[in-house]
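Start from the sequences and build out the full structure, keeping to the hints where you can.
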Amino acid sequence: DAGITQSPRHKVTETGTPVTLRCHQTENHRYMYWYRQDPGHGLRLIHYSYGVKDTDKGEVSDGYSVSRSKTEDFLLTLESATSSQTSVYFCATQDSGVGYTFGSGTRLTVV
Amino acid sequence: QKEVEQNSGPLSVPEGAIASLNCTYSDRGSQSFFWYRQYSGKSPELIMFIYSNGDKEDGRFTAQLNKASQYVSLLIRDSQPSDSATYLCAVTYEKLVFGTGTRLLVSP
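Here the protein sequences line up with chains A and B, keeping their order.
Each step along the first sequence adds one to the number in the working numbering, with nothing skipped, and position 111 is 111.
Each step along the second sequence adds one to the number in the working numbering, with nothing skipped, and position 23 is 23.
Each hint should be verified, as a subset may be incorrect.
[What the hints assert, rightly or not] Here's a subset of chain B near chain A, in silico, CB distances under 7 angstroms, partners left out:
1) Phe34
2) Tyr39
3) Ser43
4) Pro44
5) Leu46
6) Phe49
7) Asn53
8) Leu96
[Said to hold, decoys possible] No farther apart than 20 angstroms at their CA atoms in a straight line, the calculated lysine to aspartate or glutamate pairs in the DMTMM-like style are these:
9) B:Lys95 <-> B:Glu45
10) B:Lys67 <-> B:Glu3
11) B:Lys2 <-> A:Asp56
12) B:Lys2 <-> A:Asp62
13) B:Lys95 <-> A:Asp54
14) B:Lys95 <-> A:Asp56
15) A:Lys57 <-> B:Glu3
16) B:Lys95 <-> A:Asp38
Source of the hints: derived by calculation from the structure; they are not laboratory data.
We put the CB at the ideal spot given by N, CA and C, even for glycine.
As structure tokens, then:
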């Protein structure tokens, strides 16, 4: 989606290293979300944000942290990457009352 | 634990047929219901949403909601090979909770 950019698109990292994924939106949407998608589990919510510096945990938040210092940017950090965090990560934004719009995703491999 | 259940499939239909995709959810308090389409290696794309009991039609797509039975369905009429994808049902429990998706295969 042109209004949501995720970077990097692909990343391979070593176990134990910190990793930061970036989500940038130009839609001025208040709500932003980080999901991970794994076979057999579908999309699971990691963290979400209702506005600048207003974040909260989702169902699979252990090992992850987030920050939102500007409306347009929502960062996801894996504090010390593990192989279980190998996944496809999607950022999503929401305009109030409507379904979410997803970015193109980041494929992360932890070796 | 809020749950959204879908048959993983694959659901195979011939071109031109009606594809029927089903979803059940656990919380009677859910207010909003969404269908996303996801092509392999791509991100989910919103195709339908429904808030009230009954049917909602948009082109070849019809979403059906039955809150008493906690059941949502998506009908795709005149199915095309380009409809082959995974269809994700999502339900609002404050935030969106997704099912694991149903893979649809439309054969020419």
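Index of numbered hints that the structure contradicts, given in increasing order: 2 and 7
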